[in-house]
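*Asks:* Each protein sequence line maps, in turn, to chains A and B.
For what it's worth, the numbering used here labels the leading residue of the first sequence as 270, then goes sequentially.
For what it's worth, the numbering used here labels the leading residue of the second sequence as -18, then goes sequentially.
Keep in mind that the hints were calculated from the coordinates and are not lab data.
Predicted model, so just to flag it, every value in this text is computed and none were measured.
For every residue, glycine included, the Cβ atom is placed at its ideal position computed from N, Cα and C.
Among the hints, erroneous ones may be present.
[To be verified] To be clear about the criterion: a stretch of chain A counts as covered by chain B if any three or more of its residues have a C-beta under 8 Å from a C-beta of chain B, and this derived list gives those stretches:
#: 1; region: 319 to 333
#: 2; region: 372 to 384
#: 3; region: 422 to 435
#: 4; region: 475 to 481
#: 5; region: 510 to 516
[Said to hold, decoys possible] DSS-like, lysine-lysine: derived pairs with alpha carbons at most 27 Å apart:
#: 6; chain 1: B; residue 1: K218; chain 2: A; residue 2: K421
#: 7; chain 1: B; residue 1: K(-8); chain 2: B; residue 2: K365
#: 8; chain 1: B; residue 1: K57; chain 2: B; residue 2: K160
#: 9; chain 1: A; residue 1: K421; chain 2: B; residue 2: K365
#: 10; chain 1: B; residue 1: K57; chain 2: A; residue 2: K499
[Unchecked claim] Residues from chain A shown here face chain B by an in silico Cβ test under 10 Å; the list is partial:
#: 11; residue: Y345
#: 12; residue: F365
#: 13; residue: P369
Chain residues, written in single-letter form:
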Amino acid sequence: MKQERKPHIGLFVTCLVDLMRPSIGFAAVKLLEDAGCSVDVPAQTCCGQPAYNSGDRGTTRDIAEQVMAAFEHYDYVVAPSGSCAGMIKAHYPELFADDPNLLPKAEALADKTYELTSFLVDVLGISKVDAAFSGTVTYHDSCSGLRELGVKTQPRKLLSSVEGLTLVEMNESDVCCGFGGTFAVKYSDISGAIVGAKARNIEEAHTRTLLAGDLGCLMNMAGKLSRDGKTIEVRHVAEILAGMTDEPPIGAPTAKPAK
Amino acid sequence: MIVHTTSPQFKRNAARALADTQLQKALGNVKQGFIDKRRKAAEKLPEFEGLRDSARDIKNHTLEHLDLYLEAYEAKVKASGGHVHFARNADDARDIILSICREAGAKTVTKGKSMIAEEIEINGHLQANGITPVETDLGEYIIQLRNELPSHIIAPAVHLNATQVEQDFRRVHKDLDPKRDLSQPVQLLTEARAVLRERFFAADVGITGANFLVAETGTSIIVTNEGNGDLTQVLPKTHIVLASIEKLVPTLEDASQILRVLARSATGQEMSVYTTFSTGPRRASDADGPENYHVVLLDNGRSAMLGSDFEEMLRCIRCGACMNHCPVYHAVGGHAYGWVYPGPMGAVLTPSLIGVDKAGHLPNATTFCGRCESVCPVRIPLPKLMRHWREREFERHLTPATFRSGLAFWGFFAKRPALYRLVTRAAMGALGFAGRHRGRFKWLPLAKGWTKYRDFPAPQGETFQARWKRERKGKAA
């Protein structure tokens, strides 16, 4: 299936990556460009999930319409997040189910939107990346990517091609980390208990690094590990796959303290 | 009837549960006891996923034509010599049951496990009227001794450990030798069996729930692992089946299909130890059975769910798989939910039955991880239904005011990309500068909920969009 021109990708950066950790976005751009795509980043804010999960459909629809317009002309929309891609893919059509004008647009966008690793593997057919990482990693399956989009084998497949990297599976890698967006703040006691259980599973895998595909979950787990004084490095899977590990891990100081 | 609920105090309940070390230990059994068993049972049956579709379709079809199936069922029960009573609400059901018991001159009523009995608080009502209800399911018997609600819909006493049960048995079974050995679970079981055996023979009325009501034949079906249900419905002169209207299925074939996913989803068994069918009172040719057979059909808000956003919840077959796989349930247990139905199914059903004004926390106290939906044998989209409750709360302004204004503030910027870029660029620059040194914040204003349990990783400083513009677009321009 040779294409005449490079697939033109609209990168949905996601608000968390935009605000908190741009290096993940640049890693995603590198992976997509290395895979022969051209990448553009239209003006954007958020997918609307915080409003959607708070029951505010009006605001969600306004934001969704904005996203639908901004990404209309790309061949594909790719997000370094299963949660945000899942919002667009699984929930935008639901949001406009009773709107005959916008439903086709929502469905068209949903059809061409992908989570990053799933896009690389399932759409582009890539099985190898050009990266090296020395050490052991464990991978947490974020819920939306796993259950709404079926992202499970794709990141593992790509990780297995990283030179020097060994993947060690933790127990219950497919169990929620307790983030849940506003849940983490609204029900912090419960969220704290769930991420506590997750942190124990991470620790017991005894790896140098923890990876996942969603920054929300990563910030939650990194924050817990750091609070507990653990030294496990936490990174987005795209950073490793792109070989872009110059930036300190999530929650780690900018300059490494002198030994 | 006044609904006794602590659902409005969910947060307090949850905090208490998290601090209860005994409970936390017992909750470990939920994870260990159910998840692997269900997975193995599902994997062993190649057509399991297809059966889930089929179970969903059967329930959907029944709900579409529930009026017809209810009428057909009623006609069949009557034809077999039984009586059907329709109860609009809990009060009606309690009155109907009490009058049947009085007519039977009942002093003792044995009970099989029934969540509907919990929903209408029948035990308290019978007791207040001089009739002694005796729970015969071991778990229900234990929580009756402790005057507690079930904490799980199929394992009512899962929040307890054996030592606690031993203490309860010693407290209540006073006529037994105080020096007896009850250190092994099997000894507790044997003691309960011996005590309950006497009660079975003394009972004047037996009340059971129903897993299915079959329209084609007027049959009620229960599944149990202890056989207590059979003794409850066969030994007394009067058998009352207490069930809610959505238990209907059209045919025996339909019930058999759903049975194939029920126990597998619940306990990982292929079938429960007992699957018992009862149709009407004892016939002349029957070896045993009750002389009187009554069915009390409870609505209690369910018909109002038909045709609503929450209709799909009526497919629920009460297997408990959703709570068995729920990280929130694992953390806080069933009692925190504050009423009869805990876990994800309770988070959807409880607001429907007692009002979202009381149970509003439940559909909010979830991460939307979706694991419940992924194991539901009738494929109820539980997260979606919880979200529908959040929408109702938002529309009715039940969402807390501080949260609403926070959301509105965020929404204002999210709808204005240019302003958003400007503001976030400045804010992240400042936050990044402040946090760069340590890489994380141990405390942040307005983020107490977050920083109580974990650090907040510092942002890198420059936003992606700003850097992109600088590096890429800048070059192109």
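*Asks:* Are there hints from earlier that the structure breaks, and if so, what are their numbers?
*Replies:* Of the numbered hints, 2, 3, 4, 5, 6, 8, 10, 11, 12 and 13 do not hold.
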